[in-house]
Amino acid sequence: MNTDDIIKVKDFLLNLQDQICLALENEDGTAKFAEDPWERPEGGGGRSRILENGEVFEQAGVNFSYVRGINLPASATAKRPELVNRQFHAMGVSLVIHPKNPYVPTSHANVRFLIAEKEGAPAIWWFGGGFDLTPFYPFNEDVIHWHTTALNACEPFGQEVYPTYKKWCDDYFYLPHRHETRGIGGLFFDDLNEWGFEQSFAFMQSVGNHYTKAYIPIVQKRKDTPYSERERQFQLYRRGRYVEFNLVYDRGTLFGLQSNGRTESILMSMPPLARWQYNWSPEPGSPEAVLYERYLKPQNWLDI
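The working numbering puts the first residue of the sequence shown at 3, with every later residue one more than the last.
What the hints contain is simulated information worked out from the structure, not anything from laboratory work.
None of these values were measured; they are calculated from a predicted model.
Treat the hints with care, since some could be wrong.
[As the list claims (entries may be wrong)] Calculated pairs, DSSO-like style, for lysine-lysine (alpha carbon to alpha carbon, straight line, at most 27 Å):
| id | residue 1 | residue 2 |
| --- | --- | --- |
| 1 | Lys34 | Lys223 |
| 2 | Lys215 | Lys10 |
| 3 | Lys120 | Lys12 |
| 4 | Lys169 | Lys299 |
| 5 | Lys215 | Lys34 |
| 6 | Lys102 | Lys34 |
| 7 | Lys10 | Lys120 |
| 8 | Lys299 | Lys215 |
| 9 | Lys223 | Lys299 |
| 10 | Lys102 | Lys223 |
| 11 | Lys12 | Lys34 |
| 12 | Lys102 | Lys299 |
| 13 | Lys225 | Lys102 |
| 14 | Lys215 | Lys102 |
| 15 | Lys215 | Lys12 |
| 16 | Lys225 | Lys34 |
| 17 | Lys225 | Lys215 |
| 18 | Lys215 | Lys169 |
| 19 | Lys225 | Lys299 |
[To be verified] Computed Cβ-Cβ distance ranges for the label pairs, DEER-style:
| id | residue 1 | residue 2 | range |
| --- | --- | --- | --- |
| 20 | Thr32 | Arg253 | 33 to 39 Å |
| 21 | Gly242 | Asp7 | 37 to 43 Å |
| 22 | Lys34 | Asn87 | 40 to 46 Å |
| 23 | Val292 | Lys10 | 40 to 46 Å |
| 24 | Leu177 | Asp38 | 26 to 32 Å |
We put the CB at the ideal spot given by N, CA and C, even for glycine.
Please put together the full structure from these sequences, using the hints given.
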């Protein structure tokens, strides 16, 4: 691997950020992303883009970061001692979309690349990423569309890829203290290098490019659905679960904070409003109960 390879990944990520922001702006129709460039004293920086108070999206953050440093944080080396005392380059695009209408799901996507180097030793590198969906009032056809698009992103790389990374997503986005998944899943992969650089990079590109294909059609179907204060309050309650996962379990959040990343950009995943309610549970037979009874349990959404 050489410098040109690193530049190729960086250029793809910057272009991906542009494409996703444009697609979301077009769908919202009123609000635009504000860009906030930043630099990191230890090396590198990024450009954070935030859309707020739109017609469709209450808050959307689409961030690019490229950080460099001498020592990887504990969240990266705890299970991989071979990474200790290596210089690293870490770059990626990460996004979280919090729509206004409770019938439009929250969505998250991330694609990233890391290379760690030490004089006299081979470089260690890998790709990671994925996308997942967090509905409040799910529709089966939306879930099938989401997972069909995930399958399409994976199919050129082998029949086993989608089932493997779909299960990894189910396992990763799980809240043990709540005994439930964060949403209906999607794809999650990490430490991908066994295919070689070109094939691994091509897969990361496929996942990144399929995100808007998976999400925008769902937004278009649901953004004009009428809703009441009941649905809004349930949306805010379920956003609390999103906060719990990101602050307690998410490895990307831990890596960013431990590597002295930019706090505002790392925590842009937090919803603008959320609420908690003591010992709450949905009424039996209610639309809210359907989410818990059917959709927050890992399952095969496609007949494959």
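Agreement of Lys169 and Lys299 with the hint, judged by alpha carbon distance not exceeding 27 Å: 12 Å, holds
Hinted pair Lys223 and Lys299, Cα distance within 27 Å: OK: Lys223 and Lys299 at ~24 Å, within 27 Å.
Pair hint Lys102 and Lys299, alpha-carbon separation not exceeding 27 Å: Satisfied, since the Cα-Cα distance of roughly 25 Å is no more than 27 Å.
Proposed proximity, Lys102 with Lys215 (alpha carbon, max 27 Å): The given pair, whose Cα atoms are some 20 Å apart, holds under the 27 Å limit.
Hinted pair Lys12 and Lys34, Cα distance within 27 Å: 24 Å, holds
Lys215 paired with Lys34 [C-alpha distance capped at 27 Å]: This hinted pair holds, its Cα atoms lying about 20 Å apart.
Assessment of proposed distance window 33 to 39 Å (beta carbons of Thr32, Arg253): 35 Å Cβ-Cβ, so the 33 to 39 Å window holds.
Straight-line alpha-carbon gap Lys225 to Lys215, limit 27 Å: Satisfied, since the Cα-Cα distance of roughly 16 Å is no more than 27 Å.
Pairwise hint evaluation, Lys34 against Lys225, where the allowed Cα distance is 27 Å at most: 18 Å, holds
Hint consistency between Lys215 and Lys12 [alpha-carbon to alpha-carbon, up to 27 Å]: 22 Å, holds
27 Å limit on alpha-carbon distance, applied to hinted pair Lys102 and Lys223: Holds, at about 14 Å.
Straight-line alpha-carbon gap Lys215 to Lys10, limit 27 Å: 23 Å, holds
Against the hints set out earlier in the document, no violation occurs for any number.
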